[in-house]
Each structure stands twice: as C-alpha cells, then as structure tokens.
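Chemist: Residues per chain are reported as follows:
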Amino acid sequence: MTQTQVERRSSEKWTLETPSLEELQETAWRLSREILKITTKAGSGHPSSSLSMVDILTALYFGGVMRYDPHDPNWPERDRFILSKGHGAPGLYAALAEAGFFDRELLPTLREFGSPLDGHPDMRALPGVEASTGSLGQGLSIGLGHALAARLDERASRVYVMIGDGESDEGQIWEAAMSAAKFQAHNLTAILDYNEFQQTGPIDEVMPSLEPVVDKWKAFGWHVEEINGHDIGQILEAFNAVERVESQPQIIVAHTLKGRGLSPFEQDEVNRMHGKPLDEEQLETALAELDEMRHTWAFTSLPAEEKPTRVTAENKYGEV
Amino acid sequence: MDIGKRIGLDYGLPTRNAFGEALRELGRENENIVVVDGDVGNSTRTQYFGDENSERFFNVGIAESNLIGVSSGLAASGKQALAASFACFLMCNAYDQIRMSIAFPRMNVKLVGSHSGISIGEDGPSQMAIEDIALATSLPNFTVLAPADEPATRALTRAMFSQEGPVYLRTGRTKTPVVYQNGADFVIGAANRLREGRDVTIIACGLMVAAALEAAHILSKRGIEARVLDMHTIKPLDRGAIAAAARETGAIVTAEEHVLNGGLGALVAQAVAEVEPVPMSFVGIDNTYAESGEPQELLEKYGLTPDDIVRAAEEVVKKKRQ
Numbered sequence: 026m027t028q029t030q031v032e033r034r035s036s037e038k039w040t041l042e043t044p045s046l047e048e049l050q051e052t053a054w055r056l057s058r059e060i061l062k063i064t065t066k067a068g069s070g071h072p073s074s075s076l077s078m079v080d081i082l083t084a085l086y087f088g089g090v091m092r093y094d095p096h097d098p099n100w101p102e103r104d105r106f107i108l109s110k111g112h113g114a115p116g117l118y119a120a121l122a123e124a125g126f127f128d129r130e131l132l133p134t135l136r137e138f139g140s141p142l143d144g145h146p147d148m149r150a151l152p153g154v155e156a157s158t159g160s161l162g163q164g165l166s167i168g169l170g171h172a173l174a175a176r177l178d179e180r181a182s183r184v185y186v187m188i189g190d191g192e193s194d195e196g197q198i199w200e201a202a203m204s205a206a207k208f209q210a211h212n213l214t215a216i217l218d219y220n221e222f223q224q225t226g227p228i229d230e231v232m233p234s235l236e237p238v239v240d241k242w243k244a245f246g247w248h249v250e251e252i253n254g255h256d257i258g259q260i261l262e263a264f265n266a267v268e269r270v271e272s273q274p275q276i277i278v279a280h281t282l283k284g285r286g287l288s289p290f291e292q293d294e295v296n297r298m299h300g301k302p303l304d305e306e307q308l309e310t311a312l313a314e315l316d317e318m319r320h321t322w323a324f325t326s327l328p329a330e331e332k333p334t335r336v337t338a339e340n341k342y343g344e345v
Numbered sequence: 034m035d036i037g038k039r040i041g042l043d044y045g046l047p048t049r050n051a052f053g054e055a056l057r058e059l060g061r062e063n064e065n066i067v068v069v070d071g072d073v074g075n076s077t078r079t080q081y082f083g084d085e086n087s088e089r090f091f092n093v094g095i096a097e098s099n100l101i102g103v104s105s106g107l108a109a110s111g112k113q114a115l116a117a118s119f120a121c122f123l124m125c126n127a128y129d130q131i132r133m134s135i136a137f138p139r140m141n142v143k144l145v146g147s148h149s150g151i152s153i154g155e156d157g158p159s160q161m162a163i164e165d166i167a168l169a170t171s172l173p174n175f176t177v178l179a180p181a182d183e184p185a186t187r188a189l190t191r192a193m194f195s196q197e198g199p200v201y202l203r204t205g206r207t208k209t210p211v212v213y214q215n216g217a218d219f220v221i222g223a224a225n226r227l228r229e230g231r232d233v234t235i236i237a238c239g240l241m242v243a244a245a246l247e248a249a250h251i252l253s254k255r256g257i258e259a260r261v262l263d264m265h266t267i268k269p270l271d272r273g274a275i276a277a278a279a280r281e282t283g284a285i286v287t288a289e290e291h292v293l294n295g296g297l298g299a300l301v302a303q304a305v306a307e308v309e310p311v312p313m314s315f316v317g318i319d320n321t322y323a324e325s326g327e328p329q330e331l332l333e334k335y336g337l338t339p340d341d342i343v344r345a346a347e348e349v350v351k352k353k354r355q
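If you're matching them up, the sequences are chains A and B in order. Start counting the first sequence at 26; every next residue gets the next number (the numbering used here). Start counting the second sequence at 34; every next residue gets the next number (the numbering used here).
Hints listed in this document are in silico derivations from the structure and should not be mistaken for laboratory results. Given the structure is predicted, the values throughout are model-derived calculations rather than measurements. Don't be surprised by glycine CBs; every beta carbon is placed ideally from N, CA and C. Do not rely on the hints blindly, as some may be mistaken.
To be verified - Computed footprint of chain B on chain A, listed as stretches where at least three residues anywhere in the stretch have a Cβ under 8 Å from a Cβ of chain B:
#1 142-155
#2 158-169
#3 197-208
Let the sequences and hints guide you as you build the complete structure.
Modeler: As structure tokens, this is what we get:
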C-alpha cells in the first residue's frame, strides 16, 4: 500500500477486518436470496441485472474495499459507490440493508407506494444511495465530479461506479471516460458488469461493436483489469490492484452472468428475463439452486493466472 | 433603431460579460466555488474565473452531458458548482442530464446559458437559444433567471449563489442597454416595477425590458400610461405583482426574446387566468427559427422591437375598453 492508502485505511471510522472468502460468499448468497424474493414480491423489477453484480457489491461493501459509516451516511471521508445502471436497484438495496444503512425489514417494500425503495435509486429518499440514477449513462460523470471534489478537498475518498454493458451504448459514458483520463482521476474506479445481455437481446446482436471493450478503455487512457465477476477472490485482487494505480482512472471489466446462472434466467436466451421477476414456482427453483451453489460459488476452477476468465453458464458447477 | 436609444439609454456590457466579472469576484470571495466548462469559457466568460483559479476550473471538452454530470458530482460532494455553455447546447443537448442529475436530486448546481435569444445575430439559428426558458421552467426544483442588463446580471449572479438548489441563469451575447443603476436591489422571485402606469402593464425579461421602457415612453405620448415590470425571475413567478398588475391596470402585454410557447408570456398568462383574468397580448418569437443577420435586423423581422410592444399594448387596451 502507498502511504496515502495506509492513512486512508487507518482512519478511526474504519478498521480493516476483512471477512474470509467463505463468509463473503455466504453474504453474497444472502443478498442473492433477497434480490429474488423482493422482486418476486414486488411483481416487477430487475433481478437478473442485480444478480450479475451481487458478488462485486459484496466485495465492495463487505470485503474491506469501501470505507463508509452506515450511522453517518454523509461522512465526508467516505468512499462513494454509484450505481449508474440504476435498474440494479434491488441489488444495491440488499447490500445497503446488509451494511446497516436502513432496516432490512424495508426490503420487501420495494416499489411500493410510500416506500423509499423506489424502482430506481433516489438519493434523497434512502441513506447510502449516492446518486439518483435510472436514466442510463450518467453515473460515471457524477462519479468523476465526486473524484475531483475529493482531490480539491484533499480527501482520500475513492469513488466506485458500476456501469452496464448495454449502458455503454450511451455516448456520455465515453465523454466521461475521456475527461476522467484528462484529469488523471486516480481515485475513480469503474466496474463494467459485463453480463452480455441488454434489454432486447444479447450484446453480440444489439451492439457487437462494444468489443474490443478492453482495448477501448485502454485507448481512452484507463487502467484495465479483467476478471471473473463472480469470483470474489479475483474481485478483491482487482480492487487491490486498482488502488495502486497512479494518475489514471481504472476500470474492472467483470465477466458476469445475468441472473447468476440460475436456470429460470438461463432458459431465456433473448435477454435473461430482463426486467422480469420470477414467479413463485421459479423462485422456489432458483432459491434451491442458490443453496446448491453455496459450495461452488465462483462458477470456475480456472487459476488466477489464466485470467481473463470468460464465465459461462456451463462451468457454473465447476470445482472451487 | 437600436433598443433604448430613443429614450437615451446607454449601452453597457453584454450580460455574459457582466456575469463573468461577477463570477470572478465571487471566486475571490468563496474558495468553494468550482466551475465546469464545456470548452466555451471564452464565450460564456467563465474564463475570467478560470484564469484566476485553474485548479477549480474544469474544462470537460465539448461534452454537455458530461458537463452536467460532473457538476452534479462536485455539488454532491459539497462544492458550489457552476456549469456554463451556450444556452441552447446546455439546455437542449443535456436536458435529460439536467433533469436526472440536477433537478430530480435537487443538486446545488448553478447553470448559466449564454447566447440566448436571436440577438446573438450572425452565428445563426443553430446557436440561438429560443426554447431554453420553456425547458428550464418545466423542471421541478429549478429557479430560472433572465437578467435585463449589466447591473441586473451582476446582482442576480451574486443572488443565485446565496440560495441552495438548482438555478438557471440566461445571458446574452451583445451589448445591452442599461436600465438599472449600479448596485440596484434584486430579490429572486420579486419583480421590479420600473415604471408606473394605470392603463396597461408590460411584463418583460432580458433585453426586452429596455424595449418595454421605450414602448412605455411612446405609449405615454399617445395617452396610454404603461406600468413596466422586469420579471427577472421567471420561476418562481411573482404572482403577487402579476395579480396587482391585472387588478390595477386591467390589461397585460408580455415581451420576451423566446418562443411564445412555454415562455414568460405563457407562464404569466397561466397566473393571470388564475388570479385575475384580463385581456393579454404577447410579444415573442412566433413558432419559428430565425436566421443569420445583424441583431437589430433580426429583432425587427421577428417582431421584438419597442414598436411591436406598442402595437400589442394598443390592441390590448382596446380590448379592455370593449
């Protein structure tokens, strides 16, 4: 760790107690169950888009990556997480409740009239939500603003922005990319939830020219890490690596499964049930599959040196 | 003839310059102010601030969407953020970003759009903002300001920083007739009564305030005494002043350098219809884009001269007497 990072980590608000990988997987399992249950109860929402990023959210909030204080959500020194792909709200809400920003009992009120858990995140309604999102493409620019403010105020805060692969169709993503490199925003990390499906079909069909996405980000002046987005060990390694990057913003290209490999989602080859909750029967199936997965959580037995790891549904029951 | 010349008004700085000077002063007083520029700082005059404060002046390039998002993030982390571009590019190009990243979460961001109206002249319609007031006033949580001249712009630039929340301020490119004394008082949301009259009220904003004063002078010679209100704050609208104008003068003309749909006139009419229905007439751009030309030629062709206001006032006074 550099000097700054040591100082950052030793802030009195934050003690670094990283849980074991098994504990983190258990947390991700819990969040996954919540995502499925609350969207089914709501009868709408985006469970598959939430599940694809659930392990990354787990690493960020519970793996010792982000500093925050749920009892002081506006603590100026905190790290910021911005969910630019705002339709992943159920995933964010599950993580924030788990972190203690609000009572877990609120989760089943998702999308209900009078609930602060709107269909898409509203920063004025719910503590821990750093930006109101849902119109795609805007979160990375907002994150850059936070990163520049931290630099001006000499705060060690880092900013993490989750963007989608479909969302990368938006021009504003690339405006933000270009300017973040210009400003050498080393305290800004984007995560690309590369789940390979957007609303009307696979990325391969809707916008195949997203590829070569790693080359694009490199060409825009960013440091790139490419990982299996369901392997919490790899995710933590990547977050560690990007903290050491100086004078460049960084992106973690995370290969994920939209719906996290659960069969009801996998069966939809068009868009992995984009924006659709499971019915009661599918929910039972999915929860049972989640239980089975608890010992084979990362979907892959590939060693780290073989990165980049393309996750496939076929290897989901591979050995840990 | 140039607006205001007939009544001896002097020409002052373009309102964009007055804004730039006021921003530079504010930058010296308040270290928390940051400015984001869409690579037009030398046009919007935010460059005056940038020259003195390079570390808190961010040129994000010709990228209005990103301009708004970056401002929103700076504000969310506690900075007093201002973003500026040409009014048309700011409001029309980045409208969703303004809606989603500033208006909806009530971010403390000040937006300044220069080159408003058709008086920008030679650059032509692609550069002219004639829809920005309608767009800005449609946004919940926004305050919308359209200063008339140099002193008004200085005062309102300062005033907008003294209140929390999103503000849009509209400036112009050309030299503007001066209707206020330096140091004149401005309260956001309170119209200024610049001339008293009992027969009709002319409610104007921006460059058209000087035109309204000149029109009132001409009308007076023809036996019609016009009250003139500078509605520098278009949102929230001063409904009290509008109600009093309707009640006390019985007829209203509005004048704006903006399309008639959704601008000052439409908003005043909505208030008048609610509080005290009286005959009204509207001076503004009638459902068209303009063209290149000298400002004065354009104002004449598109019906934005003191004489146009006079005609509208005479017509509305006639209706009132029927």
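Chemist: If a hint holds in the structure, say so; if it doesn't, say that too.
Modeler: Tested hints:
Only when three residues or more bring their CB closer than 8 Å to a CB of chain B does the claim for the region 142-155 of chain A stand; here the count is 4, and the claim holds. Proximity of the region 158-169 of chain A to chain B, defined as three or more residues with a beta carbon under 8 Å from a beta carbon of that chain, is established by the 11 residues found. Only residues whose C-beta sits within less than 8 Å of a C-beta in chain B count toward coverage, and the region 197-208 of chain A has 7 of them, enough to reach three; the restraint holds.
Checked against the numbered hints listed earlier, the structure breaks none of them; every hint is satisfied.
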